[in-house]
Amino acid sequence: MTAPAPARPQPGEELLSIEGLRVDFTDDRGRAVHALDGAGYTVRKGEILGVVGESGSGKTVTALTLMGLLPHNARVVGGQIGFDGLDILRLARPQLRALRGRRIGMIFQDPMTALDPVVRVGDQVDEAYLIHHKSQSRKSARSRTLSILDLVGVADPERRARQYPHEWSGGMRQRAMIAMALINGPDLLIADEPTTALDATVQAQVIDVLARARAETGVAVVLITHNLGIIAEIADRVAVMYAGRVVEHAAVRTLLRASAHPYTRALIASRPGSAPAGERLTPIRGMPPRMLTIPPGCSFQPRCTSAGEDQRCVTDKPELVTIGELHEAACHHAGGQVPKGLEVE
Amino acid sequence: MLMDPGIATGPAGPVEDIGSSLSPAALARKRFLRNRAAVAGAIILVLLTAAAIFAPLLTPYTPAHIDLNAVLQPPSGQHWLGTDSTGRDEFSRLLYAGRISLTVGLLTGAAVYIIGTVIGVSAGWYGGWIDQVLMRIADIYLSIPPVLVVIVIAGILGPSLPLLIILIAGFSWPYVARIARGSVLSLREQEYVLAALIVGARGRRIIFRHLMPTVSPPAIVASAVMAAQAILLEAALSFIGVGVQPPTPSWGNMLADAQSITVLSSQPWLWVPPGLAIVLTVLSVTFVGDGISDASSTAQGLSR
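Going down the list, the sequences are from chains A and B. Note that the first sequence covers residues 1 to 345 in my numbering. Note that the second sequence covers residues 346 to 649 in my numbering.
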């Protein structure tokens, strides 16, 4: 089943642009924790943008800000989000709600808890449709539900729709979540670590489902993950986040072959596949900064192997600058010291 | 993509569950029906209610019918439970008094459930200052002894049944509100609530569709406990004379009429039946409440 009415978006046109987003959380002692410190990325229509970074780097907070679903103790203190000509941060609540689920869908990590245990799966998928199509009958909602469940690879959807979530496995539930997110034919799907909680074999299936959904409906996807392998497999471009900022933004091939930021390189080097068999993995030493006070220089400097004695890294925050075609990095040493074998072709 | 379904259905439910997708409510009903005490309680309540409603068909006497030729008669074929000191038929009074007690229980239970869940769910869902204000009001109500208030207000306005129900309900809702608020607080953190927000649902829809099915059972149980308490409180207040006023019979004021040593020792038919009726009713309500509680909590456990 393809998306309804609106003509399939032309790939390449800008759909989402997040700029300089700053979000503070108030911790239980009343201090401001700077979760996002000027984060930003763009997504073009129909593309898959991978967002990688370690826990706490702001990947999810960026997505929740876009959805207008930040927790009560969080506050947007700067930046802007443009979505297809709309200024998201200035939308009134009803307008934002009309966007959620209709034009922007979202799925998250744990499909085991994301479905209401006391409502039949089919009814929950129907609901996602009926919320935005109040004049439609339950019957037409159900027929959409069945076709969308079919699209995400649920066999025997008619019977499965009548079951309760506890009768569905984790991988199947994640498909149900994807179905709920896609049923209104959104322009953008945010997938927040959609495979982290799943078995390896099921992970591959869910990634397939996402790829197929993009191919058949033209939905753009923001794929948040720890897993560079998944990014390499289906993303078009990647944004690497560190300490509340995007430190590198590039096409997947460029990023994997010629990453410019030391953090990205460390991330790639720390993958299990990067170390020769039998050797120890290469961890990134140290911890990400606590975000109570933002250091004046580069947040990665204390852990960086490229910074050396360079005082700029301690005192000046590197801006995200274009260093190649569709390739941006925020590092004073960007492009320099490319390790052997990783040079640009 | 075809490999999953078989695995999915396998280990899910208990044996009774195989092949069918019983709703959690249906499972809970099944479990309730297997709980003997709860079923017995439910049957007794139904019988008591029927007896109270159909009282005129069960006895030829009205509860206020005075027959000075037949005072203080022991139980007989004519007066099944004997007569009191003015010759009123005790069985008839017992049945009509049941109307009062059951009305108090039912109305208080319903009022407490509605007020308690509305306030508790609002406090839990909206949080912030709304939560603060509502819960402080609840705390204030919880720290006032209701019996004293009823005595004072009944003294000022004159005792009456509606006043009694309003006051008892007015002091009982905070218990239900606290329980409702507590379960909303834990449910609010569930991802399926976030998921509902993400598909664009409004707060109201989430509350009724996704929160109430889980908030309701414990709130109903708490309301049942409050209903039982209300029946006891009505009896106690009528006993001390600020509740239901004679000649309208209530189990409480029937006991009050029987408080002399002579009656206690030589006319047991005047106080044993209303006393038993109170105990039986309160026990039944409690058993039914426990039954609902057990049945629904197991249902929750299974479906997660």
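Hints were generated in silico from the structure; no laboratory data involved. Backbone N, C-alpha and C fix where the C-beta goes; we use that ideal spot for every residue, glycine too. Keep in mind that the hints are not guaranteed to be accurate.
[Claimed, not checked] To give an idea of the interface, some chain B residues facing chain A are shown, with a C-beta separation under 8 Å as derived from the structure:
hint, residue
1, Ser366
2, Ala371
3, Glu536
4, Tyr537
5, Leu539
6, Leu542
7, Gly545
8, Arg547
9, Gly548
10, Ile552
11, His555
12, Thr559
13, Ser561
14, Pro563
How about Glu536 (chain B): closest beta carbon in chain A under 8 Å, or not?
-> 4 Å, holds
Against chain A, run the beta carbon of Arg547 (chain B) and see if the smallest gap drops under 8 Å.
-> Holds, because the Cβ-Cβ distance from Arg547 (chain B) to chain A comes to roughly 7 Å (cut-off 8 Å).
How about Ala371 (chain B): closest beta carbon in chain A under 8 Å, or not?
-> Check failed: Cβ of Ala371 (chain B) comes no nearer than 11 Å to chain A, outside 8 Å.
Under the criterion of a CB-CB separation shorter than 8 Å, is Gly545 (chain B) in contact with chain A as hinted?
-> Hint on Gly545 (chain B): holds, closest Cβ of chain A at ~3 Å, below 8 Å.
Regarding the hint that His555 (chain B) lies at the interface with chain A, is the smallest CB-CB distance below 8 Å?
-> 5 Å, holds
Verify the interface restraint on Thr559 (chain B): the C-beta must sit less than 8 Å from at least one C-beta of chain A.
-> Holds, because the Cβ-Cβ distance from Thr559 (chain B) to chain A comes to roughly 7 Å (cut-off 8 Å).
Given hint Ser561 (chain B) near chain A, where the shortest CB pair must fall under 8 Å | Violated: closest Cβ of chain A sits about 11 Å from Ser561 (chain B), beyond 8 Å.
Supplied contact hint for Leu539 (chain B), tested at 8 Å Cβ to chain A = 7 Å, holds
Holds or violated: Pro563 (chain B) as interface residue toward chain A, Cβ cutoff 8 Å?
-> 14 Å, violated
Ser366 (chain B) as chain A interface residue, shortest Cβ-Cβ below 8 Å | 5 Å, holds
How about Leu542 (chain B): closest beta carbon in chain A under 8 Å, or not?
-> 6 Å, holds
Restraint satisfaction for Gly548 (chain B) [CB to CB of chain A, less than 8 Å] | 10 Å, violated
Hints 2, 9, 10, 13, 14 from the list above are not met by this structure, while the remaining hints are.
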